[in-house]
Amino acid sequence: MRLRRLLPALALTACSGVQTPLEPWGVQAGLIAQLTWLLFGGGAAIFALVLGLLAFAVLAPARLRRAFASRRFVLLGGIAFPAVTLAVLLAHSMGISRALVLPETERPLRIEVIGRQYWWEVRYPDTGEGPGDMAVTANEIHLPVGREVELLLSSGDVIHSLWLPNLQGKLDMIPGRVNRMRLRADRPGTLRGQCTEFCGLQHALMAFWAVVQEPAEFDAWLARQQAPVPPPRTAEQARGMQVFGEAGCGACHAVRGTAWQGRLGPDLSRIGSRLSLGAGLHEVHRATLAGWIAGTQDIKPGNSMPAYGRTLSGEDLLALAAWLEALR
Amino acid sequence: MDTNPPRAATDLPNPLPRPEAELAALEAVWESPRGWRRITEINNNFIGPLFVGTALLFFLLAGLLALVIRAQLAWPGLTLVDPATYNQLFTMHGTVMMFLFAVPAVEAVAIALLPAMLGARELPFPRLGAYAYLIYAIGGLSFYCSIFFGIAPDGGWFMYPPLTSKENSPGVNTDMYLLGIGFIEISAIAGAIELIVGILRCRAPGMTLGRMPIFAWAMLVFAAMVIFAFPAVIVASTLLELERAFDWPFFLPERGGDPLLWQHLFWFFGHPEVYVIFLPAAGMVSMIVPAMARTPLVAHSLVVLALVGTGFLSFGLWVHHMYTTGIPALSLAFFAAAGFAVSIPSGLQVFAWIATFAAAPRRIRFDTPTLFILGFLFIFVLGGLTGVMVSVTPFDWQAHDTYFIVAHLHYVLIGGMVFPLLGALYYWAPTLGRPLSERLGKWAFWLLFLGTNVTFFPMHISGLAGMPRRIYTYPAGFGLEVWNAVSSAGAAMAAAGAAVLLLDVAKNFRLGGEQSSPWRAGTLEWVTNTNYGPRSIPRVRDRYPLWSEPGLAKEVEAGGHYLPFTATGRRETLITSPAEAEPQYVAVLPGVGWGHVVAAIGTAGFFLSLTGEFLIEAALFFALALGGILAWLWQGSDPGPLPPREADIGGGIVVPTYATGAVSTASWAMVCLMLVQGTAYACLLGSYLFLWLVNGDAMWPPPGQGLPVAGFGLAALGFYAAGAASLQAAARLLAGRSPWPHRLALALAALLLLAGTAADGWALWQGGVRPSLHAYGAASWALFAWQGMHAAIALLMAGYTLARSLARLLDAERRQAMDVTRLFWIYTAGQGAVGLALLHLFPRLLA
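From first to last, the protein sequence lines stand for chains A and B.
For the first sequence, full-length UniProt numbering begins at 1 and goes up steadily by one.
For the second sequence, full-length UniProt numbering begins at 1 and goes up steadily by one.
For the record, the hints were derived by calculation from the structure and aren't laboratory data.
A quick note: this is a predicted structure, and the numbers were derived from the prediction, not measured.
There's no promise every hint is true.
Claimed, not checked - A partial selection of chain B residues facing chain A, derived with a Cβ cut-off under 8 Å:
| no. | residue |
| --- | --- |
| 1 | PRO162 |
| 2 | SER343 |
| 3 | PHE357 |
| 4 | PHE395 |
| 5 | LEU464 |
Here a beta-carbon is modelled for each residue, glycine too, at the ideal position from N, C-alpha and C.
Let's have the full structure, built from the sequences with the hints guiding it.
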């Protein structure tokens with residue numbers, strides 16, 4: 001099948017960052033990881049105990065195993081023991097639940113994440129009023145290290161769920177509602193996250209990267225997202241920009257500082273500097289950009305973007321990709 | 001254990017030897033049609049094993065889908081199937097396993113075994129059971145075939161809107177689920193009613209609730225849970241189908257709906273569903289363990305308590321599946337506590353089984369059933385412990401919707417249900433026909449046991465390594481490759497086990513013939529059982545009658561106990577009182593017939609035509625179904641008193657051979673049905689109130705919509721009340737000399753109900769309530785539509801009663817049609833009054 005072409009690309013995206021709750025990078029995931037190990041230890045011990053009792057009841061000589069053949073054994077093992085264990089566990093886990101949802105600060109950095117089939121729109125509402133003004137990006141969440149962040153999660157179509165396991169548990173994005181998630185990343189680097197509520201045909205290919213940056217670096221990044229894009233520097237890039245207009249890309253995509261302000265698809269203002277294309281699918285460079293524009297329905301069938309492989313000439317396609325790559 | 005000395009042949013309720021003609025008559029009455037006419041047979045000894053076989057077929061079919069899934073996921077980026085097919089595959093795998101395998105399988109085992117276990121000839125409504133089986137088999141196979149045409153459901157077995165709304169899923173795939181599965185739920189409910197009445201009313205004399213086998217207890221709790229849980233998913237499916245077909249916005253937030261309403265309704269069914277599947281399996285284990293250990297179950301009454309407790313607690317757990325929807329942490333703590341609490345009864349049963357093994361007088365032999373039980377304990381205890389983990393809220397925020405959950409649920413369901421079921425297959429096969437092979441059985445066990453663990457244990461790890469559920473591929477380089485490859489290899493191993501099992505059944509199992517009792521168990525199903533059930537029905541004095549009275553099986557088989565004959569020359573079973581099981585009457589049962597077959601074909605055809613929007617075909621099939629049902633009722637139900645009016649069943653016990661009114665099983669079934677209807681209506685009322693909560697007072701009604709007109713509402717209330725009174729009068733007038741006052745009262749009641757329903761709906765329309773503009777209107781009209789459907793059924797029942805009266809098949813004594821109509825009518829009128837109160841008073845209170 002045609003899908004086979006993208007396999008090497010799938011492998012490429014996996015070069016940095018892991019996606020697991022067992023390697024916490026922040027305080028919230030840290031609390032859950034501790035609890036997880038406690039549950040594993042306790043669970044393994046109880047499993048060994050119960051299976052040991054079973055083996056004893058089945059294999060031991062009758063005079064020894066008779067000791068367990070009583071109602072009292074059932075009451076002790078089946079009611080008293082779990083009741084005490086579970087009561088302790090409940091109290092402990094409630095404490096952790098509270099710590100996970102309690103805010104640390106009154107004014108966290110707010111980030112809106114909107115789930116769409118099958119990509120993520122990311123907005124920084126503290127930086128401006130409307131989507132044309134505030135910093136907007138896609139499939140990538142930039143976070144300052146050490147600062148508490150509140151993610152405002154909503155959906156543009158069906159239910160999605162945002163999971164960034166190294167930082168926090170998942171939370172659903174439900175049409176008509178806004179869910180709030182607090183988290184804090186304590187070390188810089190790149191993490192992978194993914195949609196965990198089945199959202200349709202390409203649910204499997206709906207990932208994103210979280211980029212944790214030093215505060216100064218983050219501020220600079222944020223400012224760059226709001227600035228107009230640089231003018232084309234080569235003739236090819238200029239031609240690419242022209243193709244962008246002629247092909248009607250601006251009806252769905254926005255580019256800062258131009259007349260193109262479409263909001264149906266990802267904002268492309270700084271596409272060249274992003275880590276991924278197609279929601280965590282490819283690295284971003286000329287070749288992948290051209291391939292995506294030409295064959296998006298082969299690479300990720302069912303996504304909202306039409307394929308332009310037949311409408312654009314090879315030259316125009318490469319020019320367009322060159323311009324987009326230069327939007328950094 | 002051998003406490004009682006053997007009785008002399010003359011001390012038995014019916015002295016031995018029995019006259020030869022007696023057995024011949026019994027055999028003639030219960031004889032099955034041969035050849036293709038066998039399809040008209042309704043006997044549980046035929047339908048039961050067929051039902052079990054069909055359920056196991058669906059197990060294999062759904063397993064095949066899983067093998068494709070595992071092949072696709074064996075390595076990153078494989079393209080064995082395209083994404084659209086993959087989504088259908090996992091949706092169908094879950095749906096078929098849950099709806100077409102797990103629930104029907106346990107119901108099937110009950111239909112096959114319960115009559116024998118209870119010492120009954122048959123369950124009280126064999127035709128209903130056969131009808132339930134047929135719609136399940138026909139509908140289920142058609143539903144399964146949708147995958148070959150690419151029109152299988154693809155929204156996950158949980159079908160969350162708005163992904164499944166018309167806009168996002170325009171194809172028939174979703175309708176296939178909503179209609180296809182919806183009516184199979186009806187089959188499950190029909191089976192549940194049959195089981196409840198059967199367990200409570202068809203036990204052998206002296207089998208008090210305290211002496212009833214644990215499996216019967218488990219099935220009683222199972223059936224009660226079906227009655228209270230399944231209506232929620234029927235209501236949810238109905239609402240979503242109304243939204244898709246008529247644009248009534250229950251789940252669309254832009255018009256006041258809420259996607260979470262679906263999740264509450266679905267999981268109110270879906271969580272109890274897990275225990276609906278597990279409890280019968282636990283009941284089987286509680287039967288097999290004592291037999292294999294040759295000692296009574298330790299802590300019997302605690303185990304019963306655990307079953308009942310699980311039934312109650314499981315209804316407080318549905319939010320477990322919604323931890324990540326943003327529900328406040330404090331309310332989640334309540335549900336976490338409930339989740340912990342429900343693990344206690346399961347743990348208690350595990351300890352009771354361990355204690356029973358420990359009590360074995362001799363060494364345990366590792367026969368195949370024992371192996372399956374031990375394998376069950378290993379897998380189920382592990383799954384239970386991960387279950388406690390995922391009810392810990394913060395952990396679930398990480399684990400939810402990852403492969404950790406896939407691992408957990410397969411451990412619970414395969415461990416908690418499949419292994420006991422397969423153990424049961426090997427254990428009980430000798431009571432139904434030829435036993436299975438011990439050698440092949442052990443091969444099947446080890447392949448399945450190792451295969452299950454090799455498949456699913458690594459999924460705990462891949463889940464925590466970041467792999468979400470329901471993805472058709474995953475990237476390389478995240479450490480997922482190894483675990484997935486191992487899982488796929490394990491799946492192949494489990495498939496080999498299933499193949500060995502299939503081979504064993506195909507090669508060795510034959511229905512009927514010489515029955516044996518290789519485990520020398522103590523309960524009644526091990527008495528020789530044929531078409532007519534046991535030759536005679538014993539008095540039960542103990543939980544394990546075959547152990548405490550070693551001669552009992554022989555006496556029963558020789559016909560020395562109760563009712564060794566047919567009293568009326570028809571198929572019969574003995575009806576006893578619900579708690580103490582004292583004989584009350586001999587119920588005449590319907591025999592073979594075509595009515596239920598025609599009705600089943602019609603029902604399945606109706607729903608499948610609706611799926612494809614073939615409306616004319618749907619109408620024809622509906623007529624066929626209705627005709628079949630009416631024909632079956634007309635011919636077989638309420639045959640009236642037959643000679644002799646009383647029967648001496650032995651031991652000086654004389655009981656009537658006919659009953660009507662509150663003592664009859666028909667009335668009991670109607671009360672069960674009213675509970676189903678009431679639960680469904682409560683779900684609708686709850687949906688209305690939930691949508692109000694979401695929208696707030698100011699939007700209830702929203703601008704542009706009004707309140708139902710009070711005057712018409714009051715009129716409707718009056719009509720409903722007058723109609724119910726008139727029907728009551730009709731029931732009383734049946735005792736009169738002339739049939740005409742009764743008939744007139746019946747007709748008047750029908751007119752009044754019709755007028756009430758019209759006024760009820762007119763009040764909404766005149767008040768400016770419109771179903772497609774806003775959830776307010778949609779919820780209001782849904783309540784009315786439900787009421788209208790009940791009114792239509794009530795009218796149909798009145799018409800039937802009238803026809804019975806005109807045909808002189810209804811009188812002061814032979815009055816079953818009148819009695820059940822009366823019960824349903826009173827329910828309908830009451831439901832109408834509650835609906836009117838909510839629709840008219842509630843929004844006015846807000847203003």
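Checked hints:
no. : hint   : result
1   : PRO162 : 5 Å, holds
2   : SER343 : 7 Å, holds
3   : PHE357 : 4 Å, holds
4   : PHE395 : 6 Å, holds
5   : LEU464 : 6 Å, holds
The structure is consistent with each of the numbered hints, conforming to all of them.
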